[in-house]
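Asks: What follows is the residue order along each chain.
2 protein chains.
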Amino acid sequence: MKWIEGGVCAAQGFKAAGMHVGVKTHNKDKKDVALIVSDVECSAAAVYTTNVVKAAPIHVDKEHLKNGKARAAIINSGNANACAPNGEENAEKMCAAVAAAVGCEASDVVVSSTGVIGQTINVKVIEDGVPALYKQLAHSAAGSDAAASAIMTTDTVKKEVAVETTIGGKTVKIGGMCKGSGMIHPNMGTMLCYLTTDCAISPDMIRAALLETVTVSFNRISVDGDTSTNDTCCVLANGMAGNAEITEKNDDYAAFVAALKEICTKLARAMASDGEGAKHLITCTVNGAKSEKSAETMAKSVIDSSLTKAAIFGADANWGRVLCAMGYSGEQFDPEKVDVHFTSAAGDIEVCHQGRGLAFDEDVAKKILTEHDVEINIFMAEGGGTCTCWGCDLTYDYVKINGDYRT
Amino acid sequence: MKWIEGGVCAAQGFKAAGMHVGVKTHNKDKKDVALIVSDVECSAAAVYTTNVVKAAPIHVDKEHLKNGKARAAIINSGNANACAPNGEENAEKMCAAVAAAVGCEASDVVVSSTGVIGQTINVKVIEDGVPALYKQLAHSAAGSDAAASAIMTTDTVKKEVAVETTIGGKTVKIGGMCKGSGMIHPNMGTMLCYLTTDCAISPDMIRAALLETVTVSFNRISVDGDTSTNDTCCVLANGMAGNAEITEKNDDYAAFVAALKEICTKLARAMASDGEGAKHLITCTVNGAKSEKSAETMAKSVIDSSLTKAAIFGADANWGRVLCAMGYSGEQFDPEKVDVHFTSAAGDIEVCHQGRGLAFDEDVAKKILTEHDVEINIFMAEGGGTCTCWGCDLTYDYVKINGDYRT
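Taken in order, these protein sequences are the chains called A and B.
Each residue of the first sequence is one higher than the one before, counting from 11 in our numbering.
Each residue of the second sequence is one higher than the one before, counting from 11 in our numbering.
Hint data in this document are derived by calculation from the structure and do not stem from the laboratory.
It is possible that part of the hints are untrue.
Which copy is meant is left open, because identical chains are indistinguishable; a pair holds if it fits in one copy or across any two.
Said to hold, decoys possible - Under the rule of at most 27 Å between Cα atoms (straight-line distance), these lysine-lysine pairs were calculated in the DSS-like manner:
no.	residue 1	residue 2
1	Lys180	Lys276
2	Lys289	Lys410
3	Lys276	Lys259
4	Lys168	Lys38
5	Lys72	Lys347
6	Lys145	Lys103
7	Lys168	Lys289
8	Lys376	Lys410
9	Lys103	Lys347
10	Lys103	Lys72
11	Lys145	Lys168
The whole structure should be built from the sequences, with the hints applied where relevant.
Replies: The structure is reproduced here in structure tokens:
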């Protein structure tokens, strides 16, 4: 398996484009609609937000993906099409516009939106823009780049990756792009992720692979504990790699899932690292918990703790907050069997041993915590459960960005 | 029932004091130990943090209050005596020092600590300070004031209240003081609350009254979602009002609980309003939910949402975040039956009707949200459940305070 260029256009038969059509009214330089089209029909699956309040495109996608097939995807930024009048009708119009250009059924198109909640989406500018967008489609790194740029909201960096691996003797490529920085939480905060692959795999198996992957990647990150109305992670697999179609959980399936997990973990880390206003990527690993689930619950509690996040922003080795966040996670454990380390490229320091504070060099700790990538490594003696989750620090800029997002 | 002066010294037979003994080393002007003593033995009860990691004083208090009796309370700020060596031994030493001065058993003394986690408490300065502290005890507003000041950490205002009511034909007084601003969360964030009353009430009934009251007051506030290791709410009832002792849930019990709820709700609101860095008190009421419990879960989710909190800081009428926070609360409901209003002394505005955004005057909304006390009023059509919770906004100062708390 190796990292390659090309993002969502890395796999054979996928073209992408992105442009400004006018959903974002304030800044004409900002792209606001992305399009991905496969040369042939794909096995397709998606997972969505667990929020009771779901944006209109999610209801539409659930219908369109019932047969496990899709050909294209359209995604806009600037408006979430959630809690807004005529939401589903407008989401369907976006699909119909793409279908007309591609020459497929509207039900072969998936759709996502991200942006402000509660305002009617200007679907007219999208419909009018689709023909031009379609003309710009390219099977190239530039095509992926344009699409990945067009789905950004408060993201500061574009997020796209691709890998190449061998499955059933054939070279298979998987690419992905995502957006999301605020409202990211386990079980999907406003994040959109689109994955494309030329692997031949059945609708059932691509769905299973996606669920398995999301559980250990996107569902293990958190920026602010909020879970949005729009989160969607969608995968399109067009089979053009020519491998024997994966129709059961065999070795080929395992190889595919392994590659998908690599892609999604990298995208998840990129999202956490680009959390709104974030200055640090925080990686928290709990070792030796009763179970993986228990380790996950505690690691999530730590990366969700506003106090821990603010401490990391201040490069303050306040491990008491780490232990405290584990303590209110709902998991039962013996605090007197917990060790806590802070680790980064600048070194490693044990700050808490068996639940008690250690005398440590504050300057060394400060140096470790000043690095961009900071690890909180927790060792317990409850069992064999281990889990890693990712988050970011809480900064002045987070408050600034979210104190006035709409205007 | 009427509000009166005197705080924890309002009730007959209670004396209090507060002074600097040296737990806080940075600032000698800041009081760091408080003492409350009753002239006679009290029925006593306490509730504690649900955090698995519990500070040493909590373990000691659980022992000391097994018989439902106490005579005095000592509370220090500046060090939490949590996750620190010899924690219980040091907490017992604090009780013993008070017992020696008062002339009672150490087991008749309750103890609380608040401050930094993981550092050994300087119990020597407390033991040395107790005789002087004891001498300063006064049955006066000044005594309560000194005690309430001594338990403050990052609090910006002292919090003490008292009420007078009639029970069984006698005048009964209840007073209270509390501290807490960061780490406040439903089920008690670092908050300490001490309540005193001259009501005659049995240990069983004072315990029942406390549980009932905490559930609808302190457990309905949140500052940052973190739950601390030290939270304690303790009540001492010395019976000096001379009413017939309350030994069952009769009318006298109901009258006592009503007064206790008034006190505790006022203290809870004061804590939310004084959340670290807070510029706004947010009161969220959910009406028409399936049940009171369901209303509470949704209201808490709204006041815990970092995005909603940041929006209120920015006076941004971003009601989509309110609906979104309800949606991920875990409660099931029909979003198309939800109305959202923002209300304050400056007016009331409906911003969402039946799950859809309304066109509203942004200037009017801004004016409403610029007030210190802001209400988010939610109306659903699921049933008769109603609940009010309190929180505060998320500000630059919260990040500043918590980015460097230890140093």
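Asks: Hints first: check each against the structure and report whether it holds.
Replies: Do the hints match the structure? See the list:
no.: 1; hint: Lys180 <-> Lys276; in the structure: within (24 Å within a copy, 69 Å between copies)
no.: 2; hint: Lys289 <-> Lys410; in the structure: both (14 Å within a copy, 14 Å between copies)
no.: 3; hint: Lys276 <-> Lys259; in the structure: within (24 Å within a copy, 60 Å between copies)
no.: 4; hint: Lys168 <-> Lys38; in the structure: within (18 Å within a copy, 52 Å between copies)
no.: 5; hint: Lys72 <-> Lys347; in the structure: between (46 Å within a copy, 22 Å between copies)
no.: 6; hint: Lys145 <-> Lys103; in the structure: within (19 Å within a copy, 80 Å between copies)
no.: 7; hint: Lys168 <-> Lys289; in the structure: within (17 Å within a copy, 35 Å between copies)
no.: 8; hint: Lys376 <-> Lys410; in the structure: both (25 Å within a copy, 17 Å between copies)
no.: 9; hint: Lys103 <-> Lys347; in the structure: between (58 Å within a copy, 26 Å between copies)
no.: 10; hint: Lys103 <-> Lys72; in the structure: within (16 Å within a copy, 64 Å between copies)
no.: 11; hint: Lys145 <-> Lys168; in the structure: within (23 Å within a copy, 67 Å between copies)
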